[in-house]
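*Asks:* Chain residues, written in single-letter form:
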Amino acid sequence: MDRILTRAEEFLLLAVLRLGDNAYPVSIYDEIGKATGSSWTLGAIYFPLQRLEDKGLLTSFLGDPTSERGGKSRRYYRITDAGLEALAAARQAQDIMWRGVEWARIK
Amino acid sequence: MGSNQIGGLPPAGSRRPPRLGRWLLSRILPSRLKPTAAGDFEELYGWIRAKDGPRKAAAWYWRHVAKSAPAFIFAALYWRFEMIGNYLKLALRHMRRRPEFAAVNIGGLAVGLAGCILAFFFIRDELSFDRFHDRVERIYEVKSKIRAGDDPVFLETKGPVGPALAAEFQEVEAATRLARAEVVVSVGEKVFIQNGLGADPSFFDVFSFPLTRGDSAAALRDPYSVILGREAARLCFGTSDPMGQTLFIKIADETADYTVTGVAAEIPARSSLDFDLLLPILRVKGPRVDQWGPGENDVDAACFIRLREGADAEALAAKFPGTLDKRLSIGKYSGSHYLFHFVQYHRGVRDYSFSSVLKPCSSPIFSILLTSIALLVLLIAGMNFMNLSVGAAASGRVKEIGMRKVFGAEQGNLFHQFRLEGIVTSLAALAGGLGIASLVLPAFNRFAGKDLRLDILGPGWPLAVLILLAVLLGAAVGSYPGWFLSRLRPTELFRGAFFLGRRSGFNRVLLLFQFGLSIFLVTTTGFVFRQHRYLLRTDLGYDAGRVAALDLRQMTPQFQSASRFLPVLKSGLLRHPEIQTVSGSYSGMSSWSAMILKRDSSPKPEVVRFNQVDPDFLPALGLRLSEGRWFSPDYPSDERGAVVVNETFARRFAPSQAVGKSLSEIFNYKTSARIIGVVRDFHFDSLRRTIEPAMMSLGAEHARWAFIRLTGKNLRPAREVIEKEFKIAAPGHPFLCSFLDEDAARQYESEARWSLMISLVSLFAVLIACAGVFALAIQSSVRKTKEIGIRKVLGASVLQVVGLLTGEFARLAVAAGLLSCPVVFLAVRKILTGYPYRIALSPWMFLAGGGAMLLLVLATVSLHALRAARTDPVKALRRE
Chain D
1 MDRILTRAEE FLLLAVLRLG DNAYPVSIYD EIGKATGSSW TLGAIYFPLQ RLEDKGLLTS
61 FLGDPTSERG GKSRRYYRIT DAGLEALAAA RQAQDIMWRG VEWARIK
Chain Y
1 MGSNQIGGLP PAGSRRPPRL GRWLLSRILP SRLKPTAAGD FEELYGWIRA KDGPRKAAAW
61 YWRHVAKSAP AFIFAALYWR FEMIGNYLKL ALRHMRRRPE FAAVNIGGLA VGLAGCILAF
121 FFIRDELSFD RFHDRVERIY EVKSKIRAGD DPVFLETKGP VGPALAAEFQ EVEAATRLAR
181 AEVVVSVGEK VFIQNGLGAD PSFFDVFSFP LTRGDSAAAL RDPYSVILGR EAARLCFGTS
241 DPMGQTLFIK IADETADYTV TGVAAEIPAR SSLDFDLLLP ILRVKGPRVD QWGPGENDVD
301 AACFIRLREG ADAEALAAKF PGTLDKRLSI GKYSGSHYLF HFVQYHRGVR DYSFSSVLKP
361 CSSPIFSILL TSIALLVLLI AGMNFMNLSV GAAASGRVKE IGMRKVFGAE QGNLFHQFRL
421 EGIVTSLAAL AGGLGIASLV LPAFNRFAGK DLRLDILGPG WPLAVLILLA VLLGAAVGSY
481 PGWFLSRLRP TELFRGAFFL GRRSGFNRVL LLFQFGLSIF LVTTTGFVFR QHRYLLRTDL
541 GYDAGRVAAL DLRQMTPQFQ SASRFLPVLK SGLLRHPEIQ TVSGSYSGMS SWSAMILKRD
601 SSPKPEVVRF NQVDPDFLPA LGLRLSEGRW FSPDYPSDER GAVVVNETFA RRFAPSQAVG
661 KSLSEIFNYK TSARIIGVVR DFHFDSLRRT IEPAMMSLGA EHARWAFIRL TGKNLRPARE
721 VIEKEFKIAA PGHPFLCSFL DEDAARQYES EARWSLMISL VSLFAVLIAC AGVFALAIQS
781 SVRKTKEIGI RKVLGASVLQ VVGLLTGEFA RLAVAAGLLS CPVVFLAVRK ILTGYPYRIA
841 LSPWMFLAGG GAMLLLVLAT VSLHALRAAR TDPVKALRRE
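From first to last, the protein sequence lines stand for chains D and Y.
Using our numbering, you'd call the opening residue of the first sequence number 1 and step up by one each time.
Using our numbering, you'd call the opening residue of the second sequence number 1 and step up by one each time.
Do not take every clue at face value.
With a cut-off of at most 27 Å between alpha-carbon atoms, the simulated DSS-like pairs for lysine-lysine come out as follows [stated by the list, open to error]:
| hint | chain 1 | residue 1 | chain 2 | residue 2 |
| --- | --- | --- | --- | --- |
| 1 | Y | K67 | D | K55 |
| 2 | Y | K56 | D | K34 |
| 3 | Y | K67 | D | K34 |
Per label pair, the in silico range of CB-to-CB distance [as the list claims (entries may be wrong)]:
| hint | chain 1 | residue 1 | chain 2 | residue 2 | range |
| --- | --- | --- | --- | --- | --- |
| 4 | D | A8 | Y | A76 | 18 to 26 Å |
| 5 | Y | P459 | D | A8 | 48 to 56 Å |
| 6 | Y | R19 | D | D64 | 23 to 31 Å |
| 7 | Y | K786 | D | D64 | 37 to 45 Å |
| 8 | D | A8 | Y | R19 | 26 to 34 Å |
| 9 | D | A8 | Y | R63 | 18 to 26 Å |
| 10 | Y | P459 | D | R7 | 46 to 54 Å |
| 11 | Y | R63 | D | R7 | 22 to 30 Å |
None of these hints come from the bench; they were simulated from the model.
Keep in mind the model is a prediction, meaning the values are calculated, not measured.
No residue lacks a Cβ here, since even glycine has one placed at the ideal position from N, Cα and C.
For reference, chain D alone in the conformation it holds in the complex (with noise of 0.2 Å):
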């Protein structure tokens, strides 16, 4: 990884991984917004799923056409090994920055 990930890059690949087979746009909308609180538009997170999708950090294929949906099919995400380093060199330079300045806010 040459560049750590944005906050919402980030937010979407946790997202993924925690939704396991059933990470498609609604569901990693709505899982975001119960886990941060606020709610994203809806259509804020394609173009970053697509950017990370790009990059290689996520794959995606198409799903069946449900009549729920309006007879459109479900895109499907799913985490790829080069995501989960992402996540990891992600989650290591944010402890890294926050050695110390956690005990003194805490305090």
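Use these hints to put chain Y onto chain D, whose structure you have.
*Replies:* Frame of chain D; chain Y shown alone:
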């Protein structure tokens, strides 16, 4: 919000989101997201609706569509750029794979664009004419309008009007009178004929012609001062300083010494006003130019004024009726003065077209023709592109397009692909067109009499305009194949059933139109060519090929007076065996004077052309007598009281018996002259004019021209003889000699140029069309490979197969020929009405144009069809 059930079964009775919202979302979604994102929105809507009711769900849906829009639109743009890169790669790959189509497409469009580029610069040049004068919008020409009969004529003003304008009207900042004169300049041994312009000292207050030497405020004050143009200064004095030098100048009949008081900078090419020498107007027009005369014999001069800043031209013109006009209305004449805006002169706006001092103004017809010709070629080339793209798809790219469709390429994708290919092609063509334009620019400049430069980075950014034009053109020509092919079903594509097949009406119309245009251009060219040849070959009624004309108008009066000079020259020339006859004449060919005579029987004035000649005129020119006799020294009375008329004169004014009639019987004209003979009609004017009534009388003492008839047809030695004798008889005078057939041909130079130009254009059009047809033939035969194979197996001959391949094109060519006939007829009739003597519109000419095109198309197609027909059927059938 949110629900634990997400990802599970759909809630019962879910309804779809608002239709308008769905539509809006589908518009803004980038194409890559379309298949899934709308579904995501719809799913979430369903959950919220189940939980919070339809109202809240609809509100949520709308809010999110609105909030997502910027992100979606941004994403769409981002991906579009990526796609364009992709399309570009494909376009270039495709062009490399089919270099012959790319060449035909680019070449055709390049020729058309080159024409457009030239037209663009030509028109820009026309519009910038005369703009170099400082505050040119304040310069006006004053003209007077005389109402003597029914039709008013705009004339130049009376001489004293100019100074009166400057003195009496406070709106006028400066006024100058102008008059042209050919002047003969001698300095040392050298003699030049120069283009002189007479002007008032205020000339430089009106116009902006900077002087490189001398003071423009004072340069024309001295009555015998002269300002030289750059070229004239170089001609007369070379590199030495001309200031203060003396020149010997002859203007009309007056010869005097002039002192050089200034040298003008080079005159811009886009100037209606030019001069080699600038002189005081009194020298050109004489002292009467300053006097309000008694009326009929006033001296006229062109008059230009510069208005003061903020002065209103209309307000000034409104003052004329009470002031200037009164002085113009004398006796039976009534006249008035008008202002014409100088910048509009070159474009010939309103009645402002005639001027005796300004260069001829351009006629907009040239710009219009040039532009329409360029657009025609562009149109043909564009059609080529469309047909070839569809055709190429029919043969080579079917699989590419079909596969892309099968793999889910959208209609839009294919459309963009073809449109981009069109744009790439036309940008390449623009580069080629600029190359062609700069190659032909020198020839074009000579043809158009211009000094154009292709400064594409200059003011107004022509390059940006041209690139925009090329992009639009490419998008336009690429849109049709894109739209057409992306609409087809993949199965149709694979079968290739669309090209020149049942569903290709538009293809045929394109071909038909292309053929029709080519035939139109070829046939019209044929007519223009034949008309030009007709003009050159028509019997003019005199022996143009054996007569030389010697211009004596520039000679000093003592030489010109015939009694001294002409007999000397005559006897000198006649000693040589090459010379048969020498005759003196007052007017040259095509410049006979016109007399306006009235008849008692009708109020309409009659124009009679008139010339004074000597008794050798008839034999010298080889004119033929049809009645009566020619002038003869045996009848001394011929000197004063005899005229010879032409047949038109006799027919119109003395139908019963011309010979013996007195002119005073025919016209309201006091003279004792009688008609002694009638000559056959001959064309003293160009063939653009009908022969007018003409008469000749004796008057050798006024000769300003000599006509020299040669014994043989060997012109060059004769010319040398004439020059030698002339130099002996009149040393130091300019030798101006030409042959009458050359002079006649020179009158049709514009016809020659035009026929050359349109024949080049039609050649290009036909070449482009043929290249297109050839490429189409290749494609058509590729498509029919199997059919040909089967037919050959079943025993079809080569000829039948060729017929199969050519039939489609031949039918189209014939139809195009028939359709173009009426258009050609109208166009040619319009062109030919300008000529009173013209070729007949014979039907075979129409057939020839269409037939030639048909043959050409057949030859082009057969070239390939033969090869296709000869291939082994086994090979053809095994192809798939």
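*Asks:* Next, verify each hint and record whether it holds.
*Replies:* Each hint tested on the structure:
| no. | hint | verdict |
| --- | --- | --- |
| 1 | Y:K67 - D:K55 | holds (26 Å) |
| 2 | Y:K56 - D:K34 | holds (19 Å) |
| 3 | Y:K67 - D:K34 | holds (20 Å) |
| 4 | D:A8 - Y:A76: 18 to 26 Å | holds (20 Å) |
| 5 | Y:P459 - D:A8: 48 to 56 Å | holds (50 Å) |
| 6 | Y:R19 - D:D64: 23 to 31 Å | holds (25 Å) |
| 7 | Y:K786 - D:D64: 37 to 45 Å | holds (41 Å) |
| 8 | D:A8 - Y:R19: 26 to 34 Å | holds (32 Å) |
| 9 | D:A8 - Y:R63: 18 to 26 Å | holds (20 Å) |
| 10 | Y:P459 - D:R7: 46 to 54 Å | holds (53 Å) |
| 11 | Y:R63 - D:R7: 22 to 30 Å | holds (24 Å) |
Checked against the numbered hints given earlier, the structure satisfies every one of them.
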